[in-house]
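Trainee: Using the sequences and the hints given, assemble the complete structure.
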Amino acid sequence: MKIDRREMLRSTAGTLAVAATPLWLPATVADAADKLKTEGNNVMQGYFEENFGVGPELIRKTLSIALQSGGEYAEIFLQHRVRDSIGFEDGRVNDASVNVDLGAGVRVLVGDQTGYAFTEDLSPQALAKAATTAASIARKSPTDRPLEFNRVEIPDLYPRQRVWLDVPAKEKLALASTVGEKILAGDPSMIKANVRVQNEDEVLLVANTAGDWVEDTRPLTRIYATAVAEKDGRRESYLHRISARRGIDYYAGSQLDDFVKHLVARALQQFEATQPPAGAMPVVLAPGTSGILLHEAMGHGFEADFNRKGVSIYSNMMGKKIAADFVTIYDSGTIANERGAISVDDEGTPGKETVLVKDGRLVSYLHDRISSQQLKTEPTGNGRRQSFRYAPIPRMRVTAMAAGPHDPEEIIKSVKRGIYAENFSNGQVMIGAGDYSFYLRSGYLIEDGKLTQPIKDANLIGNGPDTLLDTVMVGNDMELAQDGGTCGKDGQWVPVGVGIPTVKVSSITVGGVNS
Amino acid sequence: MSTELKQLKSFTQQAVEGVQRRGITGVRAVSSNSRRVSVGYRKQRPEKVEEASSQSLSLQLYDNGRYASCQTSDFRPEALPAFLDTAVAMCRAMTPDEDRVLPSPDLYQNRPKVDLQANDASLAQLAPQDRHQIAATIEAKARELAGKQAIEANGDCEDSHSLVYQVHSNGFEGTREGTQFWTYGSITLQDEGEKRPAGWFGSGARMRADLAAPEEVAAKTVEVAQARLAAQRISTRKTVMIAENRAARRLVGFLICAANARSIHRKESFLEGQLDKSVASEMVTLTDNPLLPRGLGSRLFDGEGISAKTMPVVEQGVLKNCYVGTYYGRKLGMTPTTGGTSNLLMELGDKSLDELMADAGNALLVRGFLGGNSNPTTGDFSLGVYGTLIENGQPKHAVAEMNIAGRLQDLWQQLVAIGNDPDPSSSMLIPSLVFDDVQFAGA
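Chains as they are written, first to last, in the working numbering: chain A, 1 to 515; chain B, 1001 to 1443.
Treat the hints as calculated values from the structure; they're not laboratory data. One or more of the hints may lead you astray.
[As the list claims (entries may be wrong)] Result set (BS3-like, lysine-lysine): computed pairs, CA atoms no more than 30 Å apart in a straight line:
{"#": "1", "chain 1": "B", "residue 1": "Lys1331", "chain 2": "A", "residue 2": "Lys182"}
{"#": "2", "chain 1": "B", "residue 1": "Lys1148", "chain 2": "A", "residue 2": "Lys376"}
{"#": "3", "chain 1": "A", "residue 1": "Lys129", "chain 2": "A", "residue 2": "Lys140"}
All figures in this text were calculated on a predicted structure; none of them were measured in a lab.
Mentor: Right under this line is the structure:
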C-alpha cells in the first residue's frame, strides 16, 4: 500500500507502544501501524521527529554537547524496533511474545578512542546526559562547529507490500501452525514439531557531525523448526531455518512446503546416518549453507578492527596472493531481501558490495568508520551494531564466493575418499591463530567419486589461510543460503547471510569417530 | 525502601492493575533497572568508555490457558495503556493450553532468610579514575610480561548494579539487588609465520574485594596466550583427555541442558527416562546451590518465584533431579523444582591440575573448545579443541586444530578423575576433569 507520507505522519502522533498494537488488534487501532508504513522506497523521513520529538534541532544540540570536550566526531543512532515471536508446540500455537525497543546511542570519537552512552528515554534532558557521558572520552576544549545535515541517498533493498506491524495476528499464527502441522503430517514417524516464527520491523536514524543524515526501515522474518522422529525405539531430530528481509509475501507460493520437505527428509535421513570417520580428509562443500566456511575461516579475519591492530592472521596479507586464481570472495550489503542486506550501515554509510579476495588476491578488509580512517581508505558499509545499546564495529553482511570454473559433478568425482558436507549449524574462529571450525549437521561420505553413506554431527576444523590454499576446485553453481545465520562478536549479535558454489578443499580435519 | 525501588514497584503495580482491569487476572510482572560502566584500555589510553542505565518491564499473561508475554523499555506513563492493550490482545489470540498457569503459591512459601551478599554497597564509591587505573594496570602488566612477542594488549574493567522487582497476581512479591565486578585481560602474541595466538582471562565477582588483582589477571592472560604458541596438530588417536576447569564447564553444560524438563518434553534430551539411573561415572556429584554466599548465580527465588533450595542433580553418577519449571512440569507430570540453574557445584577431588597431569602420564590437556556442537536428542557430540600434549606427566607442546567426538552418555561414564580447582569467576564451579579413551581427530 502506498500512502502519502505527510498525511501518514500527521495521523500517527501516538506513542511507541501503540505501534505494537496492530500486531494483534483489529483495524480500529491498526492505523497506528501507519507509522511504520513507507512510501515504497522504504525510506521514511521524519519518523523520530513526528513520534518522539527528536528532530534536526534537538539532534544538532545533542551532537554539540557531545563535542563539548573536544571530540573529533560525534554521532547519534536512534532506533525503534518491534519484534514478535510465535511458538507452536504440542500441536498448537500456545505462546507468543512482543518486544519493543526504543532508544538512542551517542558516540564520540577521538582518533580510535570511543566514548559511548545510550538512553531509552528520548527526552532532551536524557539525550543531553548521554551526550555528556560520551563526550568525556575527550579531554580538550569544545570542537563544536555549525552543523548542516545532508540527506544520504540509499538504495531500496527490502521492497514489500505490508510491514509486519500491519499483518493481522491470525496470519502470523497461521505461519506457525501451518509449518507445525505439515511437519507432523510429513511422515508417520514424526512425534514432535517445535516451531518458532519471528518477525520484526525496525526504524533507524543516523546523524553525525560530518553532516550525514540517514533514515531507514528494515523488515526481518525467520522461521526455525525442529522435527523429532522415532523409529524402532530410536529417536532422531533435525533443526532447519529460513530467513529474509521480507514481508509476509516471502512465505507465499511453495516456500513453507519446501521448508518442511527439506526438514522432514533430513530428520529421516538421520536414522541412516553415522558419524563420519575421524581425521584429515578432502571435503566437498555443497553449494549454499557451506558458505559458513567463508564467514568463519576468512570473513572474521578480514574485519578491519582486527587488522588495524595487527591481531588477525591476515594482517600482513593485503595485496598478496592467498588463493588460486579462481577464488573470488565478496561481502555484500546490497543483495535485495537477503537476511544480511543493509541499505545503510549503522553508522550511516550506504550499503555496498565489497570484494575481499579478487582472483585469489586479498584486496580489501571490511571497514567501519574508525578503521577506514586509520587505514586511510573508504568505509565499506560494514559498521553494524546489535542495537542502540552498542557502538558499531566492523561486521559481515552476506559473505559469498563467486562461481568458479568447475563442474560440480566433476568435483565430487575427483574425490576418492572424503566427505560431502551439505548442511551446517554453527561455527567459530580464532582470529589471530586462524583456526576455525564449523559444525556439520548432515552430508555424505564420498567413496570412489560417489556419494554413499549419509553422515551427521561432525565438527570440521581447519586453519583459514591453509584452507584458502587448499581450495582446489570451485564449482559454477553459486547459491545463496536461505537459512541465514546470526553472528556474534564482542557480545553483539547481528543477522548475516552466506553463499558459496560447490567447493573442494583438499584437506580439513573431520571430528568423527573411528571404530 | 530506596526511591529507585519505590518507583519500580509503583510502575509495575500499575501495569498489573492495568492488565487486570482489561479482564485478565493471571499476571506475572518483572521490572528492572540497571546501570553498567565499562572502561577498556589499549596502548595506555582509554580505547572505549561506555556508560548507561537501562530499564525493562516484562509481563506474562495467563488467561484460562491462553498465554503471552511482552517486554518494553519504554517507561513513559502515557505509553503504558497501549502497551497493555497489545499484551492483552496478543494473549487472547492464543490457543488455550491448560498447562499455561501461574506457579502454585505453595512454591512461594519458605523463602530462605539469608544474606546472599550479592550487593556491594561500595560500588557507589568507585571513582572513574579507579576503573581507569585497573584497566591500565592490566594492559601494562600483560604487555610487560609478554615482552617483545606482544602485538596487542588490552585491559578492561566493568561493573554493574541491578535492581529487580517481581510480582505475581497469585501472591508472590520479591525484589533482588546485586552488583557485579569484572576485569579482563587479553593479549595477542607473534608466533611462527603469520600466526598470532591470543589469550584471554577474566575475573568476576559480586564483591569488589573478591576480584583477582589486576596483576594476577594480567599474568593469567599472558599464561593462556603463551600456552598456545607453536601449536601443532597431532595424529588422530584415542587418548586420555584432561579438560581444564574453564573448558570443563561446557561439557557439564551439555549434561545440564539435557536434564531440563523443557528439553525432555520437546524430545530434545538424551537423558529422557534416566531419572534415578546412572548417567555418569560414580565420581560425579553435581549440586545446584542457589544460597551460596556471594555466588554469581545466587538467589532467594527463581524467575517463577519458587523459593530457592539446594538440589542434588547428580549423586555419585545417578541423575537425582531435573530442572523443572511449572509449564513443562505439568506437561510431564513432574513436580516443579526450578526451571534453570543457579550455582552449579561439582564435588571436588583432591588433586591440582599438575597432579592430574602427572597421574595421567600421556594425555591431551584441553584448554578450550573451538565451535562444535552436540545433537541434544541422541547425545552425539563433536567439538573443536586446543590445548597441550602431555607426555610422561609433563607439558610437551601446544596442540590446535583438533576435534573430539563421541556420545555424551559414554563420555560421562569415561570420567576417571576430578580436580580441586574450580574457577571462581562463574556460577558453574567446575574443576578440571579427566576422561579416559576419548576420540581425537587430527592430522
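Trainee: Determine for every hint whether it applies to the structure shown.
Mentor: Outcome of the hint check:
1. B:Lys1331 / A:Lys182: Within the cut-off at roughly 23 Å; holds.
2. B:Lys1148 / A:Lys376: holds, 27 Å
3. A:Lys129 / A:Lys140: Since the Cα atoms of A:Lys129 and A:Lys140 sit roughly 19 Å apart, the hinted pair holds (cutoff 30 Å).
Of the hints listed earlier, there is not a single one the structure fails to meet.
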